[in-house]
Amino acid sequence: MPSVRVQEADFDTGKELETLTHGRRDVGAVASFVGIVRDANDGARVSGMTLEHYPGMTEKALEGICAEASSRWDLTDTLVIHRVGPLRPGDRIVLVGVASPHRGDAFAACEFIIDYLKTRAPFWKREDTPEGPRWVEARPSDDTAAKKWK
Amino acid sequence: MPSVRVQEADFDTGKELETLTHGRRDVGAVASFVGIVRDANDGARVSGMTLEHYPGMTEKALEGICAEASSRWDLTDTLVIHRVGPLRPGDRIVLVGVASPHRGDAFAACEFIIDYLKTRAPFWKREDTPEGPRWVEARPSDDTAAKKWK
Amino acid sequence: MVTILYFASLRESLGNSREQLALPMGNATVSSVVEALRARGTQWTEAFAPGRTWRVAVNQQMAGLATPVSPGDEIAFFPPVTGG
Amino acid sequence: MVTILYFASLRESLGNSREQLALPMGNATVSSVVEALRARGTQWTEAFAPGRTWRVAVNQQMAGLATPVSPGDEIAFFPPVTGG
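Protein chains in written order, with the numbering used here: chain A, 1 to 150; chain B, 151 to 300; chain C, 301 to 384; chain D, 385 to 468.
Simulated from the structure, these hints should not be mistaken for laboratory data. Where hints are given, some of them may not hold.
Stretch-level coverage of chain C by chain A, calculated; a stretch enters the list once three of its residues show a Cβ under 8 Å from a Cβ in chain A [stated by the list, open to error]:
(1) 302-310
(2) 326-334
(3) 373-381
Positions of the beta carbon are idealized from the N, C-alpha and C atoms, including for glycine.
Isolated chain A, as found in the complex (with noise of 0.2 Å):
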């Protein structure tokens, strides 16, 4: 029962956590991750950016994502929210959200899931540059993340 969301609008970490432990006793960990917009990449000032992704295939690939994290540890839940469409420095772009009785099986969870999402799931930054927009390059340093997990 992954709970997997795309969206414009920004949410609120604390309550989105919330859901992953509320009426439950036997949650003893909750990992989260939040990716947020920095001013800067790879040399280049931002002023801003936009979040494109593929409608349908994006949700499938997250659930698939926590799917597989609930098959390798021992989860009680599972939470992705991703925004979409127009961003800007300091804003929140994902959540990352993992329940578990112990904390190492959801940091473990967290990461990888976080990890398989930046090389899996279809969405992709389009940077505003002083130079103008451009798109971002896939990084090989995501892909060695991702590789650990193998």
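Please arrange chains B, C and D on chain A, whose structure you already have, making use of the hints.
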């Protein structure tokens, strides 16, 4: 400038994490951990617990752990809030939040801080069980978790 | 007919986000579709040139050149993903 | 004089949370303090018996048996920590 608090009151996870990034544009990643009281431990039903600590030393220990994390990884800020006093199943116990330009550093530092907190910060849990109150014993697995950062 | 979608920089350089395409005769694969697109020349040849980095999904699942395609399928081409 | 603090199960089994203690003569260490406490007999001997697991902090820093102690120091004894 780690922010460290020991308090009886609950905390608002979202609001607290927001302080790690407020007014900044160089933070790309916030990793966090929330520890929660479970209703069972070591085979016994737990109806509540009381957290005792060593005022003065606790804050120093937590600040030391955060400083150590900041010396090991590229962090922009860290945050630890730990509750004391009576707690019930489902209640939040602890929040660790770490902000960094990069997610790998944020995850590693966050897990490091909670692992070290569990073995080095002077907190003690007394659980209420059907057989009466009992002091929680330190777990060898917590020592193992802390040793992996040597 | 199959539906073809283009995303991100590929969508921009091709000036196309969505089209219907008649499948080539025989047992079609992603490879046959790419050949048909390359044959259009100019930016199509360039976008799908060997060595250029693009990804493909068939019916919203990551796929490869050898993946079979059938009438009614949704085929999407896009650059490596950069979310998160 | 030093201040001695006891926490958690150690506080309960000793029935004491805080006391002032005169330091033994000479170069005192945590070890000399523990010897003085053990000499009280009954629950003190038992709580600080060799093999029993306890931790010590001197002036709010983790310490060991060989750590020197001086007048005015704050010495705390407690079981292994279990927070988080």
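Hints and how they fare:
no.	hint	verdict
1	302-310	holds (count 4)
2	326-334	violated (count 0)
3	373-381	holds (count 5)
When held up to the earlier numbered hints, the structure conflicts with hint 2 and nothing else.
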